[in-house]
Each structure stands twice: as C-alpha cells, then as structure tokens.
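Undergrad: Got chain A sorted already, so can you dock chains B and C onto it with the hints?
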Amino acid sequence: MTILRIYRSDKNYDIHRLDIKPETKLLTLFEQIRTKIDSTFAFSSECRHGICGSCAVKVNGIPVLACKTEIGSFRSGVLRIEPLNSASPKIDLLSDFEPFFQSFSRFPDFAEPGHGENTRPIPSDAVRCTQCGICFYSCPSIEFDDGFAGPAAIVKAERFLSDPTDRLTRSRLEAATENVYQCVKCFRCEEYCPRGLKPEHSIEAVRRRCLTLPEDSLGTVHTKALFDSIFHYGKINEVFAARYIFGFRGSLPLILSGLPFLFKRRVRIRPVFSKNIREIRKLLEDE
Amino acid sequence: MFRNSRVTVCDVLVIGGGLAGLSAATAAAEAGKKTVVVSKNHPLRSHSAAAAGGINAALTEEDAALHIEETIAAGCGLCSRNAVEILCREAVGVINRFLKNGTPFQWNETRNEPEGRPFGAMSTPRTRFVGDRTGAALMQTAFEQAKKAGVRFEYSVFLIDLIKHGSRMTGVYGIRFETGAIEFFSAGAVILATGGAGALFDITSNGIGSTGDGAAMALRAGVPLRDWELIQFHPTGLYPSGFLISEAARGEGAILRNKNMEAFMGRYHEKADLAPRDAVTRAIVTELKCGRGFGKRGDFVLLDCRNIPPERLFARLPELCDLTETVLHIHPTTHLIPVIPTAHYFMGGVACDLDGRALDGIGFPVPGLYAAGECACTGVHGANRVGGNSLLEAVVFGTRAGQTAAAECADLKTPSSSPEAATEAAASFNERLTLFQSDNENSRGSVETPLDCRRELKEIMSAYCSTAHTTVRHKQGIAKLTLLNRRFARCRLKNGLGQPFNTELKDFLETENLLFLAAALFSAAEERSESVGAFYREDQLYAGAAPYHTATEWRKGRFLTERRPL
Amino acid sequence: METIVFFPGCMPISIARHQYRAERKLLKKLDIPFIECPEFSCCGGGHLQDADEVKFLALNARNLVYAERHGRLLVTGCSTCYQNLVRTAEALKDETLRSRINRRLNAAGVDDYRGIVEIRHMLNFLASPEIFSLLENLVIHRKEQNIMPFYGCHIKRPSTLLPENPDGNLEKLLTLCGAFIRPMRDPYVCCGFHGQITSPKTSNALTDAILNEAAEQQCETIVTVCPLCAFNIESRSMQNDRPRPKIVPVEEMLLKSMRR
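Protein chains in written order, with numbering that gives the first Met the number 0: chain A, 0 to 286; chain B, 0 to 565; chain C, 0 to 259.
Be a bit skeptical, because a hint or two may be false.
[Said to hold, decoys possible] Calculated cross-link-like contacts (lysine-lysine; reagent style DSBU-like; alpha-carbon spacing at most 30 Å):
(1) Lys-35(A) <-> Lys-147(B)
(2) Lys-223(A) <-> Lys-200(C)
(3) Lys-197(A) <-> Lys-200(C)
(4) Lys-24(A) <-> Lys-493(B)
(5) Lys-255(C) <-> Lys-197(A)
(6) Lys-197(A) <-> Lys-146(B)
(7) Lys-274(A) <-> Lys-200(C)
(8) Lys-89(A) <-> Lys-35(A)
(9) Lys-35(A) <-> Lys-479(B)
(10) Lys-24(A) <-> Lys-99(B)
(11) Lys-28(C) <-> Lys-263(A)
(12) Lys-24(A) <-> Lys-295(B)
(13) Lys-24(C) <-> Lys-20(A)
(14) Lys-89(A) <-> Lys-295(B)
(15) Lys-24(C) <-> Lys-24(A)
(16) Lys-146(B) <-> Lys-35(A)
(17) Lys-92(C) <-> Lys-197(A)
(18) Lys-505(B) <-> Lys-10(A)
(19) Lys-457(B) <-> Lys-35(A)
(20) Lys-20(A) <-> Lys-99(B)
(21) Lys-20(A) <-> Lys-146(B)
(22) Lys-274(A) <-> Lys-245(C)
(23) Lys-493(B) <-> Lys-89(A)
(24) Lys-263(A) <-> Lys-27(C)
(25) Lys-197(A) <-> Lys-147(B)
(26) Lys-92(C) <-> Lys-263(A)
(27) Lys-28(C) <-> Lys-10(A)
(28) Lys-92(C) <-> Lys-223(A)
(29) Lys-263(A) <-> Lys-171(C)
(30) Lys-263(A) <-> Lys-24(C)
(31) Lys-274(A) <-> Lys-24(C)
(32) Lys-142(C) <-> Lys-274(A)
(33) Lys-281(A) <-> Lys-171(C)
(34) Lys-493(B) <-> Lys-35(A)
If you are wondering where the hints come from, they were derived from the structure by calculation, not from laboratory data.
So here's chain A without its partners, still in its complex pose:
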C-alpha cells in the first residue's frame, strides 16, 4: 500500500491510497489517476522516456523525472508529490518554466562563430541537457539571489565559451562575471541531474575564464584572494583573504566580527604556515 499526497492548487493535497507495484513509474501512476480518478488532474509529460524533460516533479522534496522514477525507489511508503517549482506553482503538478527558460538569456544564447567553413565542433556535454529545470528549481541561489544565472544556463554558456572561434567571448564573460559567482557550491544540481551532467564543473570552468577579464569583480577577487592566501601560507588565512578582498578598512568589520571567537579561545592569532611551503608555491606557479 502506497500513500500518495499529491499537490493540487492552493496548498491542498489529494490523498490516494493505492496498491501499486513498486516498479510502476511515477508518470504511469499520474496517467492512471487522470484516466480513472480525476480527469482534471494536470501534469505535463510528452515523450514518456526521459528525453523531452517535461515531467519533472518533486517527490518528498527530491526533484525527479516522473517518467524515469519508480515508486519503489523511495524508502518511504508515503510520497508527497509537488510541482518542481514548488515556490510558485501554477496548478496541480504544473510548474512555471518561464523563469527557467528566461535564464538562458543571461548570456548571449547562441553561437557567434568567426569565419571559416567546416570548423571542427567542440564536443560538449551540454548537448545532453534536456532543459528539464531540475537543477534550476533545486538551486538555493536561484531561490534567494536573482543575480544567479542558474546551472543549466551556465552549462550552456560554457559550451559556447569553449569554442575558440567564438566572437562573443568578451560579452559572455562580462555577463558571467556578474551571474556565476552566486553559486554556493551545494552540488544539488549535480546530485539531481537526471542526465548525470556536472554543472558544478561548468561553473568552475566559466569562473576560470572570468579570471582572464581585465576588470575585477567581487567574485574574481574572492578567488584570487584565496589563491594568494594558499600561495603565501599553504592555508586559507581568513584575515589575509578579508584584507585582500575588502582592503584594510573594509575588512575591519569582518575581522572584528571574529572577536567573540577569539574570546572563546578558538582563534590562533599567529598565522599558520604549512611546512615545506616552497613545494606548495612551486606547485601553484604557472608551468
């Protein structure tokens, strides 16, 4: 016996108690509910086998593609099924994908190749993305910081950036330096991606490219600060990094906020150096 709590409009849940085989796909279940129980039950699906990316929903808070997920894959016998975009659901299990589709426009969302016929294409994982929105709607930065472009858009941007003949690299990077540093590295996108893509790797790759820009942004300075700290000490030194980023005066409030920790005897004032620091410095130098 599986108990389903399915989101309907206005924070109401329909409760179904059903005897279902554990290998039944979630989507098959939705279809059965629509044909047998309630013909007005709304959800979206298209290809039914994981290619189109239409049917993403959240089950007990975990985003999945309904067509690829079996009922038995959840330990709990009670499944709380909600739309993917549970923050602003439309109706039943339908999500508003417009913000997600719009997120791609943070960067120039098309190739702008230079001259030359038959340029060798750059193989990219991005082509395997189905734009299902799972990474976008499970990302905390998307929820709280409207500056962030979102994992899927960055994966795509990286694909264009990796083309050496691209003519819009500059404007892509300028957009990136504003739109990729909001990632908090929680790895949810990578965890839940039904295609096994690695958006965090793309975010890192785009951030590396951002360092080539002549102007600094908060994000690039932050990276450089930590890099230099490791170069000097072999460790991350918080005071050093704060001064690097905010300057002497700017960093004072931040450093003073550490005072309570000092009083709790948790802070070592003298900086710690790794032994054999020369090796580290050598490793961090350019080849």
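TA: Structure of chains B and C alone, referenced to chain A:
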C-alpha cells in the same frame, strides 16, 4: 463575446515549434518579417528532440546523386524526383550551417568532416550524428537561431481551427492554457508544422502530444491530405511501450534475432539488418506470424547489440543504454533488447509544392497556407521514408516554406483582416463546447472520459489499421470507430472555456482530432488497393498498377478519398 | 590498530581550534594512533578549482602523497576537505592525468602520487562498527537535551563521487550521547558558507532557515560535522537577536559525554 480576446497580429505565423517550425520561423524572421511561433508545448519540448539516429547529408556531389537514387528507390515509386533532388543537394548547406552555429556533430579526424554512420537502405555511411541525440542537438541550435533572428514564441496555446477569409487563410484561433480564454492569431501567411499523429496508435515511438492537430485543422478547412494511409512503422520499438530504439543501433552493427536466435534479416533482404525500414518491419511481422517470436505470446523479437564494442556503444549510443536501463533494467552489452515494430512517421500529410505552399484538391496553392515537416507531404519520402531523411526534410523544406511565406505574405494593414469570420468560428466552437458540458439525455449514465475513448481508439487502430491491411479489417475497424464516435459524443466536460489549465478540455480536443484523423485514415486506406512501401495489404487486389497518390478530403460531413496521378 | 593520518583542514587550525582540540583528544581517548603532517596544505577550500584545476589537483595530490608516507587511511573532520580530496583521488585514477600531475609534483620536489590511500570523513569513521563499539564503552549518557543533527552538503553530495553514505551516522552517535534527536526536514541542506562573500543573500537565507528550524524545534544545540558549517551558522546566529543555539562539532559532543 470575444471582444476582449487577445489578438496577435504578425506577418508569418508558424504553427508548431518543432524543427520544421523553427527552421521556417528563422527563415521568415531573417527575411525581415514579424514572425510568431505558436505551439501547444514549449518548442524545446517538441518531439523533434526524440529523433535519435542522425540527419542524412551527402557531402560530395557524387554521393548526393547516390543519395537521390537511394531515396527514390526506397520510396517505392511514390517520390517526387524534384523534391528529392532539392532535399539531397541542399543537405551539405544544412550541415555546414548547423556546424557553424555550434551543433557538435561527431567528427571524423582523418577526413576532417562530420562522421557518417551507416543507416538503413543506404550504401554509404552518410548519416551525420550527435551521439544518439541528434534531434535534440539540432533543436537546441535551431531554437537559439530562431531566438537570435527575433522570432516570438507563444507557447501553451492549443489551436482549434484555421480562420478563412474567402479562400485565403488569414489566421488561427485557439485556447491559451493558462487562462482558458480564446485567442486569435492573425497573419499574412500561416505555416503548418505540427508533426504527425503517432498518438493514434497503441504502440508508438511518438510522444503523447503527437496528435496531428495541424492535419486535422487543415482537413476541416477543406485542405485535403495526400497519402495519409502511408504510415511508417519503425522496426525497432522497445517492447512493449514502443519507445524508439534508434536505427543507429543497427547502423553500428546490431542484429535482429528470432526465437531460434537466428539473424533472420539475411533471409529477407540483401542488405540484411540495414534494409529499408518497410522491409525490416515486414520481416519482423512475418517472423512473429510464423511463431518465431519471443515471449509467452511470441510477440517480440530481439535486438542483439553485443557485437558492438562496449566503448563504442557508450560513446555513440548513450541514450539507448540509458533507455534500456531505466525501462527494462537491462544493459545492451550483456542482454538482448526486446523490440517490436512501432508507429513512427506519417509519410503523408498536407500536400505541398517544392516551396512549401499547401495544395488544394486540384493541385492549386491554397492562398496563405504553407506546410513543412512531418505534417506536410512534399513527396520526398514516397511510400517509405529512409531513416535520417526526416530531420533533413524538416530543415530543408521548413526553411523553404519560411522563405516563401515571407516573400508572399499578405500585407496586413488592419489588426485583423477578418474579424467577423474569426469571431463566428470561435462562437460556433463555444456553442459546440457548451453542448458537451450540458447534461442531456444522451449523456445519461456515461462515465467515460476523453482519455478512455482515446485508449480505445488506439486499440482499434492498432488492430485494424496498422502493419497489415485487409478490406475486412477496415470494415470492422470503421464499424468500431463509428460506435466509438457515438460514445465520445456522450462524454461530458466538467469545465468549459475560461477555465484555466483545463487539461480535460485539451484531452478532449486532442481526442476529437485523433478520431477525425482515424476516420480519414480508414478512408484513405480503403482506397489504396495494393501494397506499396510501408503500406502492406494482405488481400492484395492487384499489383503493378501505375503508382498514384490518394487525396482524402472532408466534404459535407464525410471523408472522400480519390486517386490522383503523380 | 593501524595508524591513521589525520587531516584537520585549515579552519580547525586557525579559527575553530575547539574542534581541532576535540578531534585530537577524542582520537587519543579512543587509543587510535594517528599522525598529522605539518606539511599538509589547504585543500583549496572549494575555490582553488575556480582558479586552476590542474593546480588544485596538484596541491591535493601533494597532501595525499604526504598521507601515503604514513598510512593507508586518511581521516578528515571537514566535509569540504573530504570532498576535494576524494575528487582528486578519483580524478587521478586516470593514468594520463596522474602522470601529468606526478611530473608537476616531481618538479616541485614531491614524491609520486600512487593512489593507495583511502579517504574517510571523521563522522563516517566514528560511526563505523569497530570504532563505534569503542565509543560505546567510553560514552556515558551525560545530559539529555534536544539536538538537531545537521550534516551539510559536502559530506553527501555529489553522491556519485563520494564513496560513503553518511545517512543516519550522526543520529547514531547522538543517540549514544543520550540526545533527543529533532530531525531536520533536510539535514543535507547547504549552509551557504561558500557563498558568504559572493552571494550573501543566499548564504544568509540558508543559514537563517537552519536557525529558524532549530528554534521551531526548540533545540538548544545543533550538532555539525563540518567546521565550515559550524562557523557559518554560529557567526550568523550572533548577528541577530533570535535565540542562539549552541553549535557543537560532533567530536566535542562525544567528548562531553565521556568520563573526564
């Protein structure tokens, strides 16, 4: 009553956001026309993305000549040579354009050109591919280019009917899903790119949205469908659902086996597993009929991928591995994949000339109406499509239709060139809908929903009008369909117009279109009296007659199919 | 018992010394021989890969080389270090990349990386059956209190990369200490530490959500398994005037429930 309805006015209106629709829209927008794509799903959710194997493109002149001949040969005499020539010769340009715009085709380092993969019915490996996700890769690029060209997208609008002003198509009206309200789209030229109607069948590789809405709209507007009975059944659909196992698997070396583990295709065709699709499908059907199928009911054969080196399989067919793993929990390197023929592609559709103009019953262009992609019948596929030609057709003829529509689109001075016709049509639609909501004596006791009817329709079509046709089966099928139509008329809707997110209404309208197209299909199939290509008649009346097209028209409340010379 | 290599990470050494002290004391109490190399450097803090991936791999490979000198098992109390070290070890299973990194290491005067050291997180190490049985003998139920176990993200995600599944381990240890466990809705939620500077909005919202949940559940204590989470949650809790739960590393929690 529709005074407050939203009206969108544009130069070129493209219905459907698949690859053909996006190609048409990009071409029209690049010609400087205000272009709108209206579709029931977001373009990126369209079914073109499910095309896996690849896109055919001969990169040299000699190979193009060969491509032309092979396409015509596979088409069993129903191809239009002019159309095929355009298709095959424009292929290089298409590949180069997509390459330039960033589609990451698999690359052949030694030849410094996109890698070709062998495909059915072809003598040289000329199917260019991106893993086994070619359709999706092309769709991404096409969508980017359409956005870049300034195309506007209106999605989740379910279109109901074309609007006619005199003989000219001036637009279309439909329901916006979010609001449930009627909306009008008024345009100087309308391009139909709504794809096929695979959802007619129980076992299909098509998505649930492939309900042939464009073809139904065209029929209702008096435009005939050509060769509607010619439906390709892909030989390898995953058992039992029919999800597509790409022909690329056999292109890479997979082999079909029957119950005795015999690689039976060698007995049927000289190209064995890479025979044209109609031949492979028929061979599988024959094997099953002779009791050489697997399973309790002997209703599937197996596809053996074990001779493909695993690294190659992972690199070139990752989707296939993913599909079998999620659906059946088996892996193609160790297990054989159960397959059955699955409804795949409609060769027929709205008849078109070489520039994408829709043609009426006597072969004249319908003013203002164009068609492209699977819903069109340009004549390149004849009676049997070659694998890999559909993506090519969608781009080549989509672009041509877009260019023609942009060049010929009527100048719209006024916001809506035919407000009366539009409101009239919408009002009659609303009236009809009200009928389905009211509780009259007909509906008493009926608990059926549109989806019940759809499921039954699928069963009828699979049983009486799929891989093997006979007149007797057609008669039985028509009788069942008539009964089903009566039951469908008793279905009742909970909500009508104005109800936001009315899935039930969408199901209802799609089912209505499907029932309509099913009747057209029976009418066309009855008229085709002998086997040709993908159409196989067991009670062959006579063979060897001069090839002909069928034209199915909706006239005075019934379908009429006539033969037309090529 | 085999000697383990203890990798403390930067933060316990500089500004979370209570955790550092607790970790060392706990290992001593358990009579587990351990070595901590003074040569250890930062794991990159999750940000070095944003500057240069090869340098990131080389730096961590160096850490692993020093670990290999002293033992076969590396244990770290920091989730981010754990994730980055595992990521390096996984990436260097690729022969070509490993020889490239080894050339770099040799040029800097470091030995070859051989890939023989196993990397474990302190929590999973402590909860593994043989260590847990040692703990059972040492821990006396000290004080019953409401505790919210908080895992954070890098101990679990990405689960395709990380070899250990920490599910339930923290609860297991806390039950041993006699705690009333108040489970979180999602104990693997991100604390936002890595976005503190670049996305304070997200970081604060995430941390506030954790603190609010603790308040809702009337927890006096949140137990963490990563110094970064602990620091982030604690410093945020000081900025507002909401009830301040105690943020205690799991090692300290265990120590507190032992005989002095």
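Undergrad: Could you tell me which of the hints above the structure violates, numbers in ascending order?
TA: Failing hints, ascending: 1, 5, 7, 10, 13, 14, 15, 16, 20, 21, 22, 26, 27, 32 and 33.
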